[in-house]
Amino acid sequence: MAIEITRPGKTSLIVATPVMPAAGSLGFADEYRNLIDYANLGAVVTNPATIEPWQPAAGARIVPLDAGLLVHTGLPNPGLRALLRQYRRAWRKLPIPVVLHLLGTTPDQAKRAVELLDTVDEVAAVELGLADEIDVAEATALVRAAATIEKPLLVRLPFYECAELALPVADAGADALVMTAAPRGTARDAQGGRLVSGRIYGPLIKPLVLRILGRLRRELPAELPIIGCGGIHSPTDARDYIEAGAAAVQVDTATWAQPKMLERIARDLGGWIATRHADALLDEWHPDMRRGDSQQRRGKG
Amino acid sequence: MAIEITRPGKTSLIVATPVMPAAGSLGFADEYRNLIDYANLGAVVTNPATIEPWQPAAGARIVPLDAGLLVHTGLPNPGLRALLRQYRRAWRKLPIPVVLHLLGTTPDQAKRAVELLDTVDEVAAVELGLADEIDVAEATALVRAAATIEKPLLVRLPFYECAELALPVADAGADALVMTAAPRGTARDAQGGRLVSGRIYGPLIKPLVLRILGRLRRELPAELPIIGCGGIHSPTDARDYIEAGAAAVQVDTATWAQPKMLERIARDLGGWIATRHADALLDEWHPDMRRGDSQQRRGKG
Amino acid sequence: MPRTVAPFPKPTIMKGGMRETQAIVERIKRVNRGYQRLELAVDRSLSSLLPGQALLVRRISKDYEAENWHPYLRELWFPVDILASNMLVLEQPAREQFLPGQLLSILGPIGKPLRFRQKLRNLLLIAYETPPTPLLLMLPPLLAQGTSITLVAMGAARDYDCAHLPEEVEIIQANDDHSWQDMVMTVGWADQAFVLVGAGLELTRFAEVMRLIRARRQDVPANTIFGFFQRQLPCGVGACQACMLPIRGAAKLQCLDGPAFDLTQLRLA
Amino acid sequence: MPRTVAPFPKPTIMKGGMRETQAIVERIKRVNRGYQRLELAVDRSLSSLLPGQALLVRRISKDYEAENWHPYLRELWFPVDILASNMLVLEQPAREQFLPGQLLSILGPIGKPLRFRQKLRNLLLIAYETPPTPLLLMLPPLLAQGTSITLVAMGAARDYDCAHLPEEVEIIQANDDHSWQDMVMTVGWADQAFVLVGAGLELTRFAEVMRLIRARRQDVPANTIFGFFQRQLPCGVGACQACMLPIRGAAKLQCLDGPAFDLTQLRLA
Ligand SMILES: Cc1cc2nc3c(=O)[nH]c(=O)nc-3n(C[C@H](O)[C@H](O)[C@H](O)COP(=O)(O)OP(=O)(O)OC[C@H]3O[C@@H](n4cnc5c(N)ncnc54)[C@H](O)[C@@H]3O)c2cc1C
Ligand SMILES: Cc1cc2nc3c(=O)[nH]c(=O)nc-3n(C[C@H](O)[C@H](O)[C@H](O)COP(=O)(O)OP(=O)(O)OC[C@H]3O[C@@H](n4cnc5c(N)ncnc54)[C@H](O)[C@@H]3O)c2cc1C
Ligand SMILES: Cc1cc2nc3c(=O)[nH]c(=O)nc-3n(C[C@H](O)[C@H](O)[C@H](O)COP(=O)(O)O)c2cc1C
Ligand SMILES: Cc1cc2nc3c(=O)[nH]c(=O)nc-3n(C[C@H](O)[C@H](O)[C@H](O)COP(=O)(O)O)c2cc1C
Ligand code: FES
Ligand code: FES
Chain A
21 MAIEITRPGK
31 TSLIVATPVM
41 PAAGSLGFAD
51 EYRNLIDYAN
61 LGAVVTNPAT
71 IEPWQPAAGA
81 RIVPLDAGLL
91 VHTGLPNPGL
101 RALLRQYRRA
111 WRKLPIPVVL
121 HLLGTTPDQA
131 KRAVELLDTV
141 DEVAAVELGL
151 ADEIDVAEAT
161 ALVRAAATIE
171 KPLLVRLPFY
181 ECAELALPVA
191 DAGADALVMT
201 AAPRGTARDA
211 QGGRLVSGRI
221 YGPLIKPLVL
231 RILGRLRREL
241 PAELPIIGCG
251 GIHSPTDARD
261 YIEAGAAAVQ
271 VDTATWAQPK
281 MLERIARDLG
291 GWIATRHADA
301 LLDEWHPDMR
311 RGDSQQRRGK
321 G
Chain B
21 MAIEITRPGK
31 TSLIVATPVM
41 PAAGSLGFAD
51 EYRNLIDYAN
61 LGAVVTNPAT
71 IEPWQPAAGA
81 RIVPLDAGLL
91 VHTGLPNPGL
101 RALLRQYRRA
111 WRKLPIPVVL
121 HLLGTTPDQA
131 KRAVELLDTV
141 DEVAAVELGL
151 ADEIDVAEAT
161 ALVRAAATIE
171 KPLLVRLPFY
181 ECAELALPVA
191 DAGADALVMT
201 AAPRGTARDA
211 QGGRLVSGRI
221 YGPLIKPLVL
231 RILGRLRREL
241 PAELPIIGCG
251 GIHSPTDARD
261 YIEAGAAAVQ
271 VDTATWAQPK
281 MLERIARDLG
291 GWIATRHADA
301 LLDEWHPDMR
311 RGDSQQRRGK
321 G
Chain C
444 MPRTVAPFPK
454 PTIMKGGMRE
464 TQAIVERIKR
474 VNRGYQRLEL
484 AVDRSLSSLL
494 PGQALLVRRI
504 SKDYEAENWH
514 PYLRELWFPV
524 DILASNMLVL
534 EQPAREQFLP
544 GQLLSILGPI
554 GKPLRFRQKL
564 RNLLLIAYET
574 PPTPLLLMLP
584 PLLAQGTSIT
594 LVAMGAARDY
604 DCAHLPEEVE
614 IIQANDDHSW
624 QDMVMTVGWA
634 DQAFVLVGAG
644 LELTRFAEVM
654 RLIRARRQDV
664 PANTIFGFFQ
674 RQLPCGVGAC
684 QACMLPIRGA
694 AKLQCLDGPA
704 FDLTQLRLA
Chain D
444 MPRTVAPFPK
454 PTIMKGGMRE
464 TQAIVERIKR
474 VNRGYQRLEL
484 AVDRSLSSLL
494 PGQALLVRRI
504 SKDYEAENWH
514 PYLRELWFPV
524 DILASNMLVL
534 EQPAREQFLP
544 GQLLSILGPI
554 GKPLRFRQKL
564 RNLLLIAYET
574 PPTPLLLMLP
584 PLLAQGTSIT
594 LVAMGAARDY
604 DCAHLPEEVE
614 IIQANDDHSW
624 QDMVMTVGWA
634 DQAFVLVGAG
644 LELTRFAEVM
654 RLIRARRQDV
664 PANTIFGFFQ
674 RQLPCGVGAC
684 QACMLPIRGA
694 AKLQCLDGPA
704 FDLTQLRLA
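Protein chains in written order, with the working numbering: chain A, 21 to 321; chain B, 21 to 321; chain C, 444 to 712; chain D, 444 to 712.
What the hints contain is simulated information worked out from the structure, not anything from laboratory work.
Careful, some of the hints might be misleading.
To be verified - Ranges of calculated distance between the beta carbons of each label pair, as one might list FRET restraints:
no., chain 1, residue 1, chain 2, residue 2, range
1, C, Arg538, D, Ala599, 52 to 60 Å
2, D, Asn511, C, Lys505, 16 to 24 Å
3, C, Arg560, B, Arg105, 33 to 41 Å
4, C, Asp604, B, Pro115, 29 to 37 Å
5, A, Asp152, B, Arg287, 35 to 43 Å
6, B, Pro115, C, Ser528, 30 to 38 Å
7, C, Ala665, B, Arg287, 27 to 35 Å
8, C, Arg502, D, Asp602, 24 to 32 Å
9, C, Arg538, D, Leu699, 35 to 43 Å
10, C, Asn529, A, Asp152, 52 to 60 Å
11, C, Pro609, D, Ser490, 56 to 64 Å
12, B, Glu135, C, Arg564, 55 to 63 Å
13, D, Gly692, A, Asp128, 51 to 59 Å
14, C, Lys505, D, Ser490, 34 to 42 Å
We put the beta carbon where it would ideally sit given N, CA and C, even for glycine.
Input sequences plus hints: build the corresponding full structure.
What follows is the structure in structure tokens.
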């Protein structure tokens, strides 16, 4: 199977399976090699990278929540050039495309980063991460700078600003939108006892993002793929995103708790979509599907 | 103890304990009389009411989620006049103030509703619920119409629009802000098999709302109380809201699963605040507190 | 219409109403391939529970504080037998893991007792796409007063093995088209009927059954055929309004007015 | 500095690395007031596990699909004994409920084996505000090779009853001010020391212990006193970067490079 998950153009990102890790969950290259067979995934999205080195954040990092967690790391990384030196060889050995997640800092830095990345064969596409609370002008300036890249450009939108940014960012040159980064939240650090902020992960994020994605899918140009990301913890969760209009999905912290889940989702979704494309009877290939599913899907084509 | 949870003015809402149910969770009057001792709560907030009768929504109502649920009822109610006939006597017997939740429809309906409610002694205050995706102009027009009331006016803000609406709504005459209504989301109805929309409840909503509230508390005028609402499932959750700057809290669907939790939160928070006000050592009265807590709180006064 | 109906087994004043209590699983017995029965030591306030009434149940550990929120809502359980004033029997799918000593938090009793005709000779019970569990509590007392009972299993309800039920109950497995032998007689002779369907699509299924019945019996008077609901109930006390049903006339709640509603009064899909 | 240190018990090539496997709780024994020991039948790939290495554990039921997400992350467990190539012993608080037959999903081994001096005569172990569990796996082999071991319990670590530990280990309960009798000797004679603290505020606690040690011993050479971390590890494989520690020179990860770090190289709070 070959699924195009960026806008058709001179280059586009094609994956065999529309399932990949979210930036920050699987490391920079093949850290999960003992636990996950990368050949079963559609692509690898790297941990966030910046042109300059970033140090880890001071303060608490992990706050366990009821069926979820708060994460705050500061996205430490040794800077783009050091990352290329360190991981290029590992990327070359991976059997799937590598999507480099580039943190959106300034247009100038973004432009320098994509110029460099256009010379790196091991990187198939770039995913630009937009900061929370970014405004439309800043966001479009960043995307326009990054869109000077030859390779396909995915843009990951922040949770709260997603609806406002989607269309301007698409117009500024994004080849696909990733909806969304994890929302920020506040929780009490069990160890320090203070209220701390960070990103919130867990299954209950899914209904929130799924609604945003479903609504924006109906408003955005049909040729612009949306990649769903948020709270995916099971094959059913991933199917719901596809049903709501996503071209592919990213799985985040579920992998940490159950490394095999990412592959299970990939195999399930791959098979499901293949069957759906061939217009076969869904019930025939996957016994745990409900009757309602196939009916509705056939109705929607 | 007497805690003023609306802006000081000619009338204000004073509660003995800063804990109450969220609109929609405890019914219109004393439906929980066999399970909850209302005297332990600060107030009762009624289910949402409208001037005209509303029928139940068609379609799925309850979708169980991982540590949470989606609810969609259509807020059925027989209309304000019928409600007054039906529940006035029960309200009179309640040992705590009754806050009537009025769904914000049109300014004209809101004005008519509060004129009627000003004549109803059994109602101590009105909480106006703003619809999702309302814009600033609509919201301020509604609040201005409702603020013609003599009684204290609380305004419940929608989740996604909370930051944008808070200050305009306060300026338009709200005596307290309730943050926030439950966010809308989408999930697959287990029975019908379709994607359906509704409000999302569960513990993971708390970190999201807590952050919003904490940030807005620092921006809004200090004399305007904020009432925290979202994902409260334990005394610790409620304390976190108070710590983040809430004057009181509302507990939503936790009550359905564990009716006694509402009272436990009320007793815990009542004791905690009393002690805190007296500037006693926190560790003395509640053994499960962490060292960090008292230090930080004393630092903040 | 209290004209022809009376509470079961004789008029009882419900004392106290619903409460939150704790129960403990005392014994567990497998009753057939798919189901096990739990003997529950319960608070005596539940001894007045009658057929049709249910419990909202949540597993708890000794440490009430250590609750987690999965599953989020309480489960709706209909007892199948009352062994003593503080001992109820519940039936659960065998795949659910229970051990003796498991603590449960219980809200109940939920709902109104079923109302039976005073001189009930022939009772028809239909379970459609769902195990007949909620119908079982009425069997012993009705059999004792001489009522003939026919239980028809339709659709997936046929997977439930009825061998452990009282042998006086006539068990009929419907055909794939939902017909059965002597259908006209069974339907025609019934003084009263309860139709049980699973949660979801109830109104559609009740409508199907009503069509089957009407095809075999010209007049279906009010208060004869009842639909038996078993939707998940978030609150159980009339507060959340999530269990509201489309009844002609007034809005009714499954938790307060159910579980059984006159099928001639329901607005069926 | 591999000059003076060597892997334990003798250099071993780690084959295969970390894996995800399943284990089953075979026996449960209470060892003291607060703790129980679980005998776990594990995959043979864990037989090469060495002191310092840990497991990331998640309870599962037979039906892998039926997972719930509470708790969300795996727990970090340090084995306390190896009974056979497929049988590990774990120690857990007694309040955690386990039954024989409980299935666990295991990621492991996590972390680097501890490196001991080749001729280790006197080993000092300090557990501060946390039970000494992660330090126990090294006791039998080191005792067997003639090392003298002193275990000092400081703060809340004193609540852990050590009666079941090998009697050759000298157990010292520190005073409230964290001093103990013959402290100068114990600290001075130690060829190597491991300081174990609970998760949270580790850098502060390691700094406290270092001050205590430096007050009793003029020179603390590199590779002598190690801080032993037991933070919760979200991924365990170096992907999430949540376990990054402030080491002089390069950033290090507890999950790949830990659990023990030279306290003279850590940037302490
Ligand atoms: C090197 C570096 C790395 C960074 N890495 C990250 C990262 O990984 N993740 C990230 O989220 N941000 C990161 N940031 C951004 C920075 O940490 C954010 O500004 C941070 O989220 C806000 O934390 P804060 O404690 O400074 O402010 P706030 O979160 O605004 O908190 C200020 C104070 O109020 C308290 N508080 C927090 N929330 C509330 C509330 N709702 N109510 C009441 N009190 C509250 C806090 O305990 C704190 O004492 C990084 C910044 C730098 C410079
Ligand atoms: C009488 C009445 C009562 C109401 N009560 C309520 C209430 O209690 N709660 C409430 O929330 N609203 C209520 N509403 C508002 C109304 O139901 C909303 O418009 C509703 O949430 C949207 O539902 P919908 O299925 O029409 O549209 P949408 O939610 O926009 O869905 C349209 C279609 O797309 C599907 N879909 C939904 N979300 C997605 C997605 N993310 N991706 C792909 N497909 C999707 C749905 O299955 C549906 O077929 C009420 C309205 C009326 C008139
Ligand atoms: C302009 C800019 C500068 C930042 N500088 C740093 C930095 O120097 N070090 C760092 O660790 N994080 C830095 N951050 C990271 C953010 O504060 C934050 O970590 C990021 O938005 C993602 O947070 P997360 O870890 O919660 O995903 C910077 C972010 C932006 C947008
Ligand atoms: C102007 C307006 C008119 C509405 N009319 C109806 C109605 O006629 N019937 C109804 O059940 N709900 C009606 N709604 C309710 C909303 O669609 C929705 O139920 C409400 O916003 C809360 O949804 P909730 O049940 O998810 O909390 C109306 C809402 C608004 C704002
Ligand atoms: S279950 Fe809440 S009203 Fe019936
Ligand atoms: S636990 Fe994830 S990097 Fe160490």
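We went through each hint and held it up to the structure:
Our hint of 52 to 60 Å for C/Arg538 and D/Ala599 is violated, since their Cβ atoms are close to 42 Å apart. D/Asn511 and C/Lys505 have their C-beta atoms about 20 Å apart, which keeps the hinted 16 to 24 Å range intact. At roughly 35 Å, the beta carbons of C/Arg560 and B/Arg105 sit within the given window of 33 to 41 Å. The hinted window of 29 to 37 Å between C/Asp604 and B/Pro115 is violated, with their beta carbons roughly 53 Å apart.
For A/Asp152 paired with B/Arg287, a C-beta distance near 37 Å keeps the hint of 35 to 43 Å intact. Between B/Pro115 and C/Ser528 the C-beta distance comes to about 34 Å, which sits within the given range of 30 to 38 Å. Here the CB-CB span from C/Ala665 to B/Arg287 is close to 49 Å, at odds with the stated 27 to 35 Å. In this structure the supplied range 24 to 32 Å holds for C/Arg502 paired with D/Asp602, their Cβ-Cβ distance being about 31 Å.
The beta-carbon spacing between C/Arg538 and D/Leu699, approximately 40 Å, falls within the hinted interval of 35 to 43 Å. Taking the beta carbon of each, C/Asn529 and A/Asp152 are about 56 Å apart, inside 52 to 60 Å as hinted. For the pair C/Pro609 and D/Ser490, the beta carbons lie near 57 Å from each other, so the given range of 56 to 64 Å is met. Checked against the hint of 55 to 63 Å, the pair B/Glu135 and C/Arg564 passes, with Cβ atoms roughly 60 Å apart.
Taking 51 to 59 Å as the suggested C-beta distance range, the pair D/Gly692 and A/Asp128 does not conform, at roughly 31 Å. For the pair C/Lys505 and D/Ser490, the beta carbons lie near 37 Å from each other, so the given range of 34 to 42 Å is met.
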